[in-house]
Every structure is written in C-alpha cells, then in structure tokens.
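Colleague: Place chains B and C on chain A using the hints.
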Amino acid sequence: MNIDIANIQILDALNSLAAGLFLLCAFAMIATRQVKGCLRLFIGQSLFLAASALLLGLQHGSWHLYGVALVNVLSKAVLIPFILHVTMPREVYTRREINQVLNIPISLLIALVLTILAYYFTIPVQQAIDPQYRGHNLPIGFAGLLLGVYTLTVRREAVPLLLGLLAIENGAFFAGIAIAHDLPVLVELAIATDGLIVVFIVGVLIRGVQKQIGTTDVGALATLKEEVVE
Amino acid sequence: MSIIAILAIPLLAAILSFLPWRRFPSAVTFFACLAVLVLTIRVAIQASCGVPVVVAPKWIAVDGLSALILLLIAFVGTTAALYSLGYMAKTCHEPKKLRLYYANYNLFIFSMLAIPVLVEPTLVWIAVGLTTVCSAMLVSFENTRGALEAAWKYVVLSLMGAAIALLGFLMLFAALQAAGGGTDTWEGLIAAAPRMHAILLKTAFVLILVGLGTKVGLVPMHTWLPDAHSQAPSPVCALLSGIETTAVLYVILRLFPIMKAVPDFHAGTWAIAFGLISTGTAVLLLLRVRDYKRMFAFSTVEHMGIILFAAGLGSATAHYGAFYQAFSHTLTKSFCFFTAGALIISTGTREIASIKGLIRNSPVAGVCLLLSGLAISGAPPFAVFLGEFTIFKAGLAEGRYLEIILLAVFVAIGFFAIMWHINRMVFTTDKGDPPQKIRLPASCLVVLVISSLLVLAFGLYVPAFLQDLLRLSAAAIGR
Amino acid sequence: MSQRIIFNLLQFLVVLVFAPLITGVINRLKEIVQSKRGPSIFQPYRDLWKLFHKDEVISEESSWIFRATPYVVFSAPLFVTLLIPVLTTYPLFFAFMADMVGGGFVLALGGFFAGLAAVDTANPYGAMGASRTRMVGFLAEPVFIIVFFTVSFTAGSTIPYIVQKHWVSSPAAFLEPSHILLIAAFFMLILAEKGRIPVDNPSGHFELAMIEESKALEYSGKSAALMKWGGQMKMFVLLSIFLNVLVTPWGLAADISTGNVLLAIPLVLFKMFLFVLVLAVIESSLAKLRLFRISEFLGSAFVASVAAMILRLFAL
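Residue numbers (this note's numbering), protein chains in the order written: chain A, 1 to 230; chain B, 1 to 479; chain C, 1 to 316.
Next comes chain A alone, as it looks inside the complex:
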C-alpha cells in the first residue's frame, strides 16, 4: 500500500517534470531563430508528450495510453521530421529568421503572460474535474496551445509556422490525455495521426509557395486586401 502511494508520487513527480520540459520547449520554440532548431525543439516536445502519456498510462493502468505514446513518438518524432526533410528543399533548413513581427524578448514576455493566463483559466476547470488532481497537464497543455497560437501570429517563415501549428495540437493533446483518458481507441489514434496529414498537406503547399515566389517567407504573402495597392 505504501509502496503504491510512493510509486504514484514518483510517477506524479516525473509527469510534472515532463510537463515542465514540455513548457520549456514551447518557450524555446518562440525564442529560436533557426528553422532546424525549431524542428529539433518540436521533436523534443513530442517526446515529452509521449513520456507524459506513458506515465499517465502507468498511473491509470490504461493500455491504450501506451498506444497513444507509441503512436506519438512514431508519427511526430520520426515520421514528421522525415516527411519534412523529404518534401522541403534543402535550403529551407539553413534559413534563419531574422525579422519576426515582434522581437524575441518581447515575444518571450508575451509568452509568459499567456502562460499565466493559461493557469488562471484552467485551475478552476481542473478543480471541477477532480479536486484531488494536482498535476500540471491541463494548464501546461493549454499554455502550449496559446503559445502555439502566438507563434502563428508572429512568425513569417513557413516551416516554423507549420511547427507552431503542430505545437498547438501537441498542447491540446497534452491537456486532453490528462482529462479525457477513456476515449475510444479509434478516436485517439485518429487524433494522434492527424499531425501526419497536416504536415503532408501543408508541406505540399509550402512547396507550391516556394515554386511561386522563390522563398518560404510566407509573411510576404499579403496582397489580398481591400485597400488600394498602388
């Protein structure tokens, strides 16, 4: 009995560790300039998501969380980088993004404010679900979601934008595995593989954009407006 409680405590602590590193990856994705660095951070974030799924599976004894962890590792840490490397032209990865819409220190401060907001909004929700549950999954997942949305607004380079999109899904899923751990297997697998389809489609689009305008700086695509463009 005591060993069980100690085990659960250690699992909880490790889960919190994975959550903390997940959040760190989300912050670093905003602060990094290199496309390759962004990709590596995304892989790291997905691995922490899989680790959290594994730990939660151990805690609740549900085997399909293990499956979720495995699918996540396969699709997000292995297949998606592979697809990106194959579909993107080689030079996309040597790019550094020099001008974001806001500079990095301000982006980091805004990211901080978003994290505080995420905590503020999700703590009442978490208490409604399970007053005993003190884990960080729901707030950090929601924070990851908000940080991903923020990345979408400030980045101009295509591959980091795509990774921001996938980071939003990571965040939503991270929160989801903690609160909804009895979903039908079909649904969970479908959500986990959703990322693959997204990458495929957006990859094809980025390729098309690169062919048309010669660069993947999609922030420059801003011609469809109501104002008179002289």
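The set of hints was computed from the structure by calculation and includes no laboratory data.
Bear in mind the structure is a predicted one, so any value in this text is a computation, not a measurement.
Note that beta-carbon positions come from the ideal geometry of N, C-alpha and C, so glycine has one too.
Among the hints, a few may not be true.
To be verified - Cut-off 25 Å, straight-line C-alpha distance, at most; resulting in silico cross-link-like pairs (DMTMM-like, lysine to aspartate or glutamate):
1) Lys90(B) / Glu403(B)
2) Lys36(A) / Glu141(C)
3) Lys54(C) / Glu207(C)
4) Lys202(B) / Asp12(A)
5) Lys260(B) / Glu351(B)
6) Lys437(B) / Glu351(B)
7) Lys194(C) / Glu61(C)
8) Lys36(A) / Asp217(A)
9) Lys58(B) / Asp12(A)
10) Lys30(C) / Asp47(C)
11) Lys202(B) / Glu91(A)
12) Lys260(B) / Asp130(A)
13) Lys50(C) / Glu31(C)
14) Lys393(B) / Asp468(B)
15) Lys288(C) / Glu60(C)
16) Lys211(A) / Glu187(B)
17) Lys165(C) / Asp12(A)
18) Lys96(B) / Glu142(B)
19) Lys288(C) / Asp12(A)
20) Lys222(C) / Asp99(C)
21) Lys260(B) / Glu94(B)
22) Lys211(A) / Glu142(B)
To be verified - Covered stretches of chain B, as calculated for chain A (at least 3 residues, CB under 8 Å):
23) 139–151
24) 199–213
25) 241–251
26) 270–283
27) 412–426
What the hints assert, rightly or not - Simulated restraints on C-beta separations:
28) Trp250(C) / His266(B): 56 to 64 Å
29) Ile5(C) / Asp130(A): 20 to 28 Å
30) Pro220(B) / Asp182(A): 32 to 40 Å
31) Tyr93(A) / Trp21(B): 37 to 45 Å
Modeller: Relative to the frame of chain A, chains B and C by itself:
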C-alpha cells in the same frame, strides 16, 4: 444502409477519378453526386417523419437536423459537379490536373457528408479537419500567387481553429466522464448535461465556438474567408461558401441544447454577440470590396452571422428562421458563385471596376448577376428575404428590440452595398467597343437556370416535407 | 566546536586551492574536444606562481581604486564561501551572517570594483569591457532576483543550507517542473556571469570583442595573479551554489566527522568535473552571440525563471 452508401459512393468516385479516360472523371463525379442526392432525399423523407434513421447507435445516425444538412450538401455537390463539367473544361486544359481536381472534389464531398452523419462529437471534429485537408488543393488550384496565399491562410487558420476546438471536445468528453459516464453522442451529451460541471461546459463551449468559428468565418477569425472563397475556382467557391461553412456552423449549433442545462450561462448571448459582430463587420467591409467574388464571400460571413444570431435568440420561431436562412443561403450563395463563374468566363476579370454594361455585353451573365445580387441581399420575393423576415419577427416577439434594429441596419447596409456594386457592373454604359461575346458552356447554363428557378420558388412556397425537416431541426437545438 | 572551526577553515582552503584546478580542467577539456592536446591541468597554478614572482607596473594616472581592486576581487568569493554549502549539509559558523541575497551582493561587490578599476586607467578597452559587463549584469539582475525568490519560496528560507535540505530530502520536490526550469535559468546565468560562450569568449585575444577579460588587462605581477585567482574562485563558488544546492544536493557530509568531510572533497570535485564536461561540450559547439543578442539570451533565462515561479505558485 443508404447512409453507408451515401458515404461510400464519393469515396469510390474519388478513386475512379484517377482513371485516364477523357471525360470520365467529370462524368463519374456528376453521376456519383446525383446518386448521393437521390439517396439523401430518401433518407431525408424517412427522417422527416420524426424518427431518426439509425445505422450504428453510437456512431452513425441521421435525425431531422442532420437530414437537412445532408440534403443541402448533396444538392450543392450535384449542382457544382454539373457546373464543373463545363467550367473546368473551359478554364483548365491539363488532364492530369483535372483528374486531381475531381478526386479532391469527391473526397471533399465525402468529408462534408461525414459531418452530419456521425454522432460522436470527436469523430465529427475529425471530419471537420478532413474537410480542410481535402479542400486545400482545391483552393490553390489555379496556382497563382493569390491562390497560394489564400490556400495558405485557409489551411493554417482552419487547422489552428481545429486544434483549439479539439481541446473543447476533449473537455466535453471529460465532463461526460466526470458526470458518471454515458454514451458519447449528441443525444447522450444532452441527456447527461444537467449532471455535468458548469465550468467545464462553459470552457468547452467557448473553445469550440472560437475554434470552429474560425472555420465558419466568424469575426475576428474570418480573415482567411474572403481570400479562400474568392481565389478558388467558382464551383469550389460555391461548395465552400454555400455549404461548408453552414456544415461547420451546424456542429456549433449542436452544442446549444447541451448548454441549455447550464444554469446561469447564456450561450445565446455569446451567439448573438458573435453574430452581430460578424454581420456588422462583413457589411462594412462590403462597402469597400473591389472584387465581386470577395463581395459574395463577405456576404457569406454576413449570413453566417445572421444564422448564429437567430440560433442565439432562443425561441422556436427563431430557430426555424435560422434553419430556413441556412437553407436559403445555401441555395442562393451557390447560385451567386455560379454567376460569378459565368462572369469570369464572359469578361475574364474579377474586378468590379473593370466590368461595365453587362446587360448589353453578356445578357445571360448580367441577368443572373442581378437576380443573384437581389436574392442574396435579402430582397423579396426571394428565399433569403423569407428567412430574414422570420428572424426579425421572432426577435421582435421576444422583445429584443435593440438587437433586431442593429441587425436590420446591418442587413440594409449589406443590401445597399451589394446592389451598388452590381448596379455598376450591370447597368453602366461602356464607352468602348463591346467585347467579343463568349458562349457559356452548356452545363453552366443549365445549372444557372435551375438555381435561379429554385431560389425564386423557395421564396414563394415551402413544401411540407421541407417544413417538417425545418421544424425537426429547430426542435433539435431548442430543447 | 573546534571541529566546526576546522571544517570552516577546510572549506576556505578547498575553495582557495582547487579553484585554479577547475579552470585548468576546463581549458584542457576544451582543447581535447577540439582534437588538440591542451595544457596540463595544473597550468593555472604555474601561471599564478609566475605572476607572483613578477614586477608590477602601475599607471601613474590611476587612483587607489586600481590598487585596492585586486584585493577586493580576491576576497569577495572567499567571504561568500562562508555562507554556502561547499562540503557539509549543516550550517557552519558564519552561515547565518548573510543569506543568498547578501552573498549575491558580496559577489557583485567584486565585480563592481573590477569595473571601476577598468575605467580608472583610461585604457579605452577597459572602459569598453566595463560598460559591456554592466550591460550583461543588468540584464542578468532580474533573473537572479526571480531565481532567488522562487528558490526561497520553494524552500521556505533564503539561507542556502536550508534550501539545500529541501531538495535533498524528497525526490518529488526534486523532480518538480519549477526545479528544472530554475536549473536551466541558473545555468544560463552562470554562463553570463562568468563570461563563457555563448556570452563571451574567455580565450579570445581580440580586445575589441572582449567583455570580461578586458577588465583585467591593465594588471601585472602580483595584482594580476590576485585578479586571476579571484576570478577562478568566483567560478568555483558559483559552481558550488549551482551544484550543491540546485542540481545535485547529494554527496555532502551530513554529520560532524572528519572522515565524511574529507570524503566530501573528492565528491564535490567529481560533480564539478561532470559539470565542466557539459560546459566544454557547450562551449565547443556554440558560437559567441552578437552583442545585441545577449538580451535575447538573458531574456530566455528570465522567462524560464518566471515560468518556474508561476509553476511553483500555481501548484499550491
């Protein structure tokens, strides 16, 4: 059984579209959509008696509301497929690209058909994501810089909205589990709603409203809509504007009876607020458009706002009006975009300022443009007018004078803006030589005639079978 | 009682004697990572010996600050040694004289005097280096403060010994997400304070690009030896705080026995060696940041530390 067929036929057609015979993809698409339409009418007649058609109790079932949406999807799918026959043959001359177009078209129809048919909310989310994925290539079909920009914004914003909505759906599921379990279907959620935690439901509702609202085109998440709905080829625009936004709005509307169980949360107020903001912004931007397809796209945002507004009003008449508005909007908007396609074929440009004297140069396109403009901006005796009138009546009966006055002002501004632009295009004199008359393809003409007749007919007479469906739909979200 | 005095002196001696060794190991490791042989790890000792036996040249234009600074820089880290757990987990004599904030102030005193002395000689490179060090310093201030706040909030006290006890006692407290973020933030702080890559290149010779090194450029003979040694001891002290309190709070002597305390010395050195390994890898794989990017670097550290604070506050 027919429901499975409804889903399977477009998939089959998608695979068959890859066969390299000349006219085969377009023909197979059209006949597939026709078959789906026939089957859908059968299912709708069955569902209009009040008993839902159930195939697998926890996964696939069609009640009155689903049947209505299904009918709309099938109808627009068929007319757009027929229109594509002529339009794509005229504008695109690479057979390989055309095959890809029709394959994507069928997949898009399939994903849209899946939305009303599935009853497990998370599966519906997957279907919504699938619609974005399948239509990405369709939006960027013309491969110009504008088309790519539109496709990029569309895909990125839609997927972002889908990810936000995912969290909302997961919270809904978590609420169901915390309330002691139950079947995870729309019906099951409504039944379990009184036991679910209020704060979970509220947060889930807001997340889903914001997330899926991005796909519907609610302001301020609408920035992709004018671009995507104007840069795509016209039959695709008809599908996107006509029915896809309505189908996603249907998903949001399914949440309303669940929210009714939450004691002090007025989902209706959120809906009214978002609806008014969307309508207002859309009509104000309508005054400044320079491209007539963008004009019709903004009109879509306006009508989505009106439908959401009506759903938020709460009374049975208002809900009836909302669904009638959805129905009439689908018919009319697809007609508008078919007209736009005819205009592009006749004049070769999308700018309003470059088109003059349409009534003389291409009379068919001119008359259709006039009719579609009048119809979509809410002039009697067209269908949209009837819907808006019902909504106004319901709102006044409830006593919401300020909101109705605002809505009426917005609709009036929209009417003025659209008719001003169309007037410039159709009636002004063209000083130069009249351009060469280009014949519209036969299938496009057929579709235009059918759509215009339907738009006129449904403004004057609503068949009983449709009335039953509408009443069932109103009841479905009004509980 | 006398045992404690002896242990205090032992702590002093450990810091004094082993600080140059750590620097020697860092330099050797960096060279090995770059496939060179590198100097012997005892080279810094030989350098100090050589400098102590050389003549000093002092500019006539300089004031008493220039002459007094080497002594301040040398003694500041030694004072801080009295406050932090270097060998033992229980507080020694002067442990309650100042807490972490006080220790930070004393370390900053050394930096302050070094900066003033750099400006004192009218050597342009000195002034440039001093102003740049101040910039890095003020960017690092908020990180320091937030880290100290979070650490003391977590452990319930600002005395390093009590903080260390908090983290050595329960693995659950050790694995908390705020702890990891704090470690990340503090690590970036150490890189900034001690002028390692990516903030500054400690082995560069180009005065226009120097940040930390140019403060000691003007010194010669005995003063140079004191400045060098003081810098090395500051590194040792910062590492002690980092490793013994935050990262690996184990391995210190838990009871008053000479054997345990003597055993703690090689354990502490081993922990520092592991850290130095990580440091050498990082230094050899990153490039020095451009000056205006240092604010991004320290901004990330700030954000990590505030995130740690939020996670800690909201976990209640």
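Colleague: If you check each hint against the structure, which ones fail?
Modeller: 1, 2, 4, 5, 7, 9, 11, 15, 16, 19, 20, 21, 25, 26, 27, 29
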